Amino acid sequence: MEAAELKAKLKGQIIEYLNLLDFTVEDIADDDQLFGPKFGLDSIDALELSVLLEREYGIKLTDPAEGRKVLVTVDTMAEYILANQTAA
Amino acid sequence: MFIKDLTCISPQRTFEGDFFQSEPVIYTGSQLIAIEPAYESIPNSQLRRMGKSNRMATGAAMPLLQKYKTDGIIIGTTDGGMEDCHRFLNQIIQYQEGTLTPTNFVQGSPSSPAGGLALMSANSGYNNTHSNKGLSFENCLMDADLLFIEARAKSLLVGCVEEISQAQHRIETLAGYIKKEDVSSDKLYSSKTPGAVNGEGAAMFVVEAKNDNALAEIVDFDMISYPSREDLLTKADALLKRNGLTTDDVDALMLGFSGDVNTDNWYHGFAKDLFPQTGILSFKNLFGETPSASAFATWFAAQLVSGKPVPEMTFQRWSSRELKTILIYNHYQGNQHGFVLVRKPAPSIPQRGK
Numbered sequence: 001m002e003a004a005e006l007k008a009k010l011k012g013q014i015i016e017y018l019n020l021l022d023f024t025v026e027d028i029a030d031d032d033q034l035f036g037p038k039f040g041l042d043s044i045d046a047l048e049l050s051v052l053l054e055r056e057y058g059i060k061l062t063d064p065a066e067g068r069k070v071l072v073t074v075d076t077m078a079e080y081i082l083a084n085q086t087a088a
Numbered sequence: 089m090f091i092k093d094l095t096c097i098s099p100q101r102t103f104e105g106d107f108f109q110s111e112p113v114i115y116t117g118s119q120l121i122a123i124e125p126a127y128e129s130i131p132n133s134q135l136r137r138m139g140k141s142n143r144m145a146t147g148a149a150m151p152l153l154q155k156y157k158t159d160g161i162i163i164g165t166t167d168g169g170m171e172d173c174h175r176f177l178n179q180i181i182q183y184q185e186g187t188l189t190p191t192n193f194v195q196g197s198p199s200s201p202a203g204g205l206a207l208m209s210a211n212s213g214y215n216n217t218h219s220n221k222g223l224s225f226e227n228c229l230m231d232a233d234l235l236f237i238e239a240r241a242k243s244l245l246v247g248c249v250e251e252i253s254q255a256q257h258r259i260e261t262l263a264g265y266i267k268k269e270d271v272s273s274d275k276l277y278s279s280k281t282p283g284a285v286n287g288e289g290a291a292m293f294v295v296e297a298k299n300d301n302a303l304a305e306i307v308d309f310d311m312i313s314y315p316s317r318e319d320l321l322t323k324a325d326a327l328l329k330r331n332g333l334t335t336d337d338v339d340a341l342m343l344g345f346s347g348d349v350n351t352d353n354w355y356h357g358f359a360k361d362l363f364p365q366t367g368i369l370s371f372k373n374l375f376g377e378t379p380s381a382s383a384f385a386t387w388f389a390a391q392l393v394s395g396k397p398v399p400e401m402t403f404q405r406w407s408s409r410e411l412k413t414i415l416i417y418n419h420y421q422g423n424q425h426g427f428v429l430v431r432k433p434a435p436s437i438p439q440r441g442k
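Chains as they are written, first to last, in the working numbering: chain E, 1 to 88; chain L, 89 to 442.
Just so you know, these hints were derived from the structure itself, not from any lab.
Just so you know, not all the hints are guaranteed correct.
[What the hints assert, rightly or not] Below, a sample of chain E positions facing chain L; criterion: calculated Cβ distance under 7 Å:
1. N19
2. L21
3. D22
4. G40
5. I44
6. L47
7. E48
8. V51
9. E54
[Said to hold, decoys possible] DEER-style ranges, computed between Cβ atoms:
10. L:E124 to E:G12: 23 to 33 Å
11. E:G12 to L:G357: 56 to 66 Å
12. L:N132 to E:Q85: 27 to 37 Å
13. L:S316 to E:E16: 51 to 61 Å
14. L:A239 to E:D63: 22 to 32 Å
Nothing here was measured: the structure is a model prediction, and the numbers come from that model.
Where is the CB? At the ideal position from N, CA and C, for every residue including glycine.
With these hints in hand, go ahead and build the complete structure from the sequences.
Listed below in structure tokens is the structure:
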């Protein structure tokens with residue numbers, strides 16, 4: 001999957017998993033800080049995002065330090081998926 | 089105890105509408121779906137994660153908790169967020185007991201509304217949830233009453249919430265508790281078929297130990313499970329007697345007629361044996377059947393004794409008497425039976441310095 005296609009898909013999945021009522025795919029920029037003031041995400045959302053990676057891409061985040069580097073922006077998540085994806 | 093204020097989200101326009109000034113909403117089918125407000129009192133960041141029962145409980149309770157300082161929160165719910173609970177259980181199977189999201193689990197817990205309300209309103213007082221199937225609301229009242237008797241609280245938020253979950257609806261339909269055919273809610277009592285129609289919503293009350301310009305008084309309540317007809321009459325008679333009342337002091341009965349031909353005979357028998365002349369009101373043709381239906385009945389009765397007009401479709405036996413004292417009798421599936429006696433309160437005596 002191309003990076004651009006993956007990022008668009010990922011944004012849709014983030015909205016669906018976190019039920020971000022006020023946002024559309026177009027509202028999320030690739031480099032928006034997911035845990036910044038724009039989205040108001042919290043630690044439960046971090047868990048939801050790690051479940052998203054496991055269910056949708058077969059990637060299990062086991063190291064919290066690694067999670068803090070991956071769950072930063074759509075860019076960082078997509079980059080990590082492309083490098084580690086084992087299942088579609 | 090005294091009802092200081094109240095709110096209700098229900099299949100009728102009871103929350104922000106003009107329920108008592110307009111015609112009731114008529115439903116066709118076996119589900120009376122709650123009319124949900126815009127939930128302006130809930131931040132979007134929290135609303136997005138809430139299941140329906142949590143949303144309705146929070147939406148109904150938060151305006152009260154913002155207006156009154158209460159010493160605790162007591163919520164009754166039989167099934168809680170059953171839709172989320174089923175989603176969580178299905179995920180266990182679907183993902184082969186792998187990593188699960190916490191949201192559905194948290195939202196599916198019956199104690200979630202009471203806990204969430206405490207967090208949102210920063211209320212660190214007493215917090216309890218009663219899940220006693222058809223007597224959840226009556227147990228909430230008992231909890232509140234005990235706290236008042238022991239002087240551990242002066243003011244409490246008490247209420248119930250129930251949501252229709254589609255899986256539960258299918259199970260109850262198969263079991264014969266919900267009607268298999270579509271019925272119009274204004275013709276519910278002429279259906280003469282097995283089963284009720286499902287309802288949902290949240291009814292919330294600020295109750296106080298003392299009368300301070302209260303809207304209504306919950307004079308007493310009682311409950312009994314698996315009674316005989318005689319047991320039931322004895323229970324109701326005792327409730328009246330210990331409050332110095334006779335059947336003639338009751339201006340109207342509010343009975344939980346659900347349109348279920350198998351269980352409505354309890355109400356017919358009760359009225360015939362103990363209150364042959366008393367006016368009879370219904371409420372489930374407005375709100376549907378829920379395990380904590382008596383909470384919706386109490387909301388309705390409190391409104392009526394405080395002077396609101398009686399919707400015509402709730403009159404099952406006409407009475408011209410002014411409604412000052414209403415006895416609610418409700419049962420769930422013919423097994424759990426509860427009474428709530430609601431009265432117009434005497435004018436409160438102004439306290440010194442007020």
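Here is how each hint holds up against the structure:
Given the 7 Å rule on beta carbons, the hint for E:N19 holds: about 4 Å separates it from the nearest Cβ of chain L. Taking 7 Å as the C-beta contact cut-off toward chain L, the hint placing E:L21 at the interface holds, the least distance being around 5 Å. Here the hint on E:D22 is kept, as its CB sits about 6 Å from the closest CB of chain L, short of 7 Å. Look at E:G40: its Cβ gets to within about 4 Å of chain L, closer than 7 Å, so that hint holds up.
Because the closest C-beta pair between E:I44 and chain L is about 6 Å apart, less than 7 Å, the hint holds. Given hint, E:L47 at the interface with chain L, holds; its Cβ is 6 Å from that chain's nearest Cβ, closer than 7 Å. Satisfaction of the interface hint for E:E48 is found here, the shortest Cβ-Cβ separation to chain L being roughly 5 Å, below the 7 Å cut-off. This hint holds: E:V51 has a C-beta 5 Å from the nearest C-beta of chain L, less than the 7 Å allowed.
Interface hint status for E:E54: upheld, as the beta-carbon distance to the closest one in chain L is roughly 5 Å, under 7 Å. A hinted range of 23 to 33 Å for the beta carbons of L:E124 and E:G12 is consistent with their spacing of about 26 Å. Distance hint for E:G12 and L:G357: a CB-CB separation of about 58 Å, consistent with the stated range 56 to 66 Å. The supplied range of 27 to 37 Å is met by L:N132 and E:Q85, whose beta-carbon atoms lie about 32 Å from each other.
Checked against the given bound of 51 to 61 Å, the beta carbons of L:S316 and E:E16, roughly 54 Å apart, stay inside it. Separated by about 53 Å at the C-beta atoms, L:A239 and E:D63 break the suggested range of 22 to 32 Å.
Hint compliance for this structure: hint 14 is the single one not met.
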